[in-house]
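> Following the hints, complete the assembly by docking chain B onto the known chain A.
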Amino acid sequence: MSWNDFAVRLVLIVLIPLIGIFLGLLYKGFDRKITAMMQSRIGPPWRQPFRDVRKLFMKENIIPDNAVPWIFNGAPIAALVATLVALVYLPMGPFEPVMEGYGDLILVLYLLAIPAVAMAFGGLASGSPYATVGAQRELVLMMSYEFPLAIAAVTIAWKYSSFSLGVISSDPVWNNVGMMGGIGLALVLTTMIAVLPGELSKIPFDQAEAETELAGGILVEYSGRNLGIFYLAEVAKMVVVGTLMIALFFPHNISSWYSFGGPEFGGFILADVGADILFFLLKLLVIIFGAVSLIRVAFSRFQIDRASYFYWVPMTIIGLLGTFLVVLEGVI
Amino acid sequence: MKLSKTFDKALWVFHLNSGSCNGCDIEIVAAVTPRYDVERFGIKLVGSPRHADVLLFTGPVTRKMKNRVLRVYHQTPDPKVVMVIGNCGSTTGVFYDSYAIEGPIDTLLPEDAHIIYVNGCPVRPENIINGVKEAWLHLEELRGDNK
Chain A
1 MSWNDFAVRL VLIVLIPLIG IFLGLLYKGF DRKITAMMQS RIGPPWRQPF
51 RDVRKLFMKE NIIPDNAVPW IFNGAPIAAL VATLVALVYL PMGPFEPVME
101 GYGDLILVLY LLAIPAVAMA FGGLASGSPY ATVGAQRELV LMMSYEFPLA
151 IAAVTIAWKY SSFSLGVISS DPVWNNVGMM GGIGLALVLT TMIAVLPGEL
201 SKIPFDQAEA ETELAGGILV EYSGRNLGIF YLAEVAKMVV VGTLMIALFF
251 PHNISSWYSF GGPEFGGFIL ADVGADILFF LLKLLVIIFG AVSLIRVAFS
301 RFQIDRASYF YWVPMTIIGL LGTFLVVLEG VI
Chain B
1001 MKLSKTFDKA LWVFHLNSGS CNGCDIEIVA AVTPRYDVER FGIKLVGSPR
1051 HADVLLFTGP VTRKMKNRVL RVYHQTPDPK VVMVIGNCGS TTGVFYDSYA
1101 IEGPIDTLLP EDAHIIYVNG CPVRPENIIN GVKEAWLHLE ELRGDNK
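Residue numbers (the numbering used here), protein chains in the order written: chain A, 1 to 332; chain B, 1001 to 1147.
Extracted from the complex, chain B is given alone in its bound form:
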């Protein structure tokens, strides 16, 4: 079936901690609580990458997590969008040049991956919701590819 606008209104997200300090993970949970309630936009936290449309990666990728990040990425059915939550994931942040770090995440994922960077240390839930808005822009682009 062709990708339509319905897709935007029903994004299911899967969250993977790839070596984060847990700060961003707590903020992701904060975004689902009654105060921010992302479920009103149809966003749901799911337990399996097979169900997911958006992958939330937090943290600089540690050596142990590198293969897991790639595996989870490939386990997710297309079309998919990656959201890198926090400064660590997008730049490795304070762990820059560490011997134990393989990140940032965008150097590991395939070239054609759609990546959205959500900055902050830790990120604010408002910023995560803003990141979803940017995911919609990426999905519009994907729809253009499908035509």
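Here chain A stands alone, though its shape is the one from the complex:
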């Protein structure tokens, strides 16, 4: 790696997490606005999440007497850092992952597990019975959705014989399958869509927070800055999971169909890059709308055992069936 390359990567590694947080807050605002409109309310303005975070950083940061301070304070930071690091390994729009070659799909899946574990540890360390129940639920839920998620990831990786996200996103997977494989992929996509709300702890899989029964669950003792950092981790995770889904299933780019031409810079045609970035943001909005907003409005919270059953039995069967069809087509 040359010094020039190193400097570019260093700048991007600083920049991309900031962009991720910004996009996350923006999409959270749109999510809340769209949700309000679907419930025939006016709803908060799209910049409400920015205000919320700013307000949380102004508040007093209380550490309960019976908490374990270093875990209690460390958990939010671990959650945020793991989420933002995952973003560096994901392809965004027309760009390859910044750290392509240094980490792949497996690393991203592990990094995605850290925020949930960090939240559970933070909840257990906060010394509140509500948070303890929430933490247990979070762990149960995590054990439930990880398997269907792994099935989806492994199916795509099998198709390319590679776990590299740069390779996977360079060619949409739908181009490489026939009729039977297409049906299989649709089933795997269904599994992935079902995993998304669980991964993001959104209704119907928000048992760990459950405002109405656990009074905030895992987050019950968190206030001020710590709560603000968890808030940022949550919104950034929305972007990470959405980007992962785009990389696996919809890495389509406008520039592969149509070129606008015009001035070039560093091997990129600027108009095409702009169009691809806009298209990427639109895809992200559609995924967040479909997998978060729409499901959140349409469903109510599952009981924790039913949520677990939902992932372990129907979703696993659908996912495995999809994998079977894709592999069968590849083998024949």
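No wet-lab data here; the hints were simulated from the structure. Ideal placement from N, C-alpha and C gives every residue a C-beta, glycine not left out. Hints may contain errors.
Derived CB-CB ranges, DEER-like [to be verified]:
hint, chain 1, residue 1, chain 2, residue 2, range
1, A, P69, B, K1064, 52 to 58 angstroms
2, A, F22, B, K1064, 46 to 52 angstroms
3, A, I19, B, S1004, 43 to 49 angstroms
4, A, V327, B, N1022, 56 to 62 angstroms
5, B, N1022, A, L107, 17 to 23 angstroms
6, B, N1130, A, E264, 33 to 39 angstroms
7, A, M37, B, S1004, 55 to 61 angstroms
8, A, F22, B, I1026, 47 to 53 angstroms
9, A, D65, B, S1004, 28 to 34 angstroms
10, B, L1137, A, P263, 50 to 56 angstroms
11, B, G1023, A, D65, 32 to 38 angstroms
12, A, Q39, B, E1126, 48 to 54 angstroms
13, B, K1133, A, T212, 47 to 53 angstroms
Listed next, the stretches of chain B that the computed footprint assigns to chain A, with coverage defined by at least 3 CB atoms under 8 angstroms from CB atoms of chain A [as the list claims (entries may be wrong)]:
hint, region
14, 1073-1082
15, 1088-1101
16, 1115-1124
This is chain B only, laid out in the frame that chain A set:
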């Protein structure tokens, strides 16, 4: 970080029933429904006092609830504002001089608590929204203290 005007636009409220007849509690819920929709002002009902900026107390404080009211007040991170919803909380209302009542709420809370009285029996949702406007005045005062 210094208290800024952003705080006004993102008030999270926590609701505690300290012995109310449930009339005011229903009206608080009415204020979050599509008809009044306080979320358009950034106001959100949260489940834990740790997340709250504004505490909504309803009802005259019964003996059992006295310590809970104080505890919830002290659990809430600063800066915070208290809204007393309904006549019972501000004057004990029809329960005046009862042996079971420790209220009104302002006699229990510390001297420096910022308290807003929202009157009515039960209060109307419009009046609750008006109370939030008064909370903003208190927060302006708090900002003055910070300078």
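> Can you give the numbers of the hints that this structure goes against, from lowest to highest?
Those not satisfied are hints 1, 3, 5, 6, 7, 8, 12, 13, 15 and 16.
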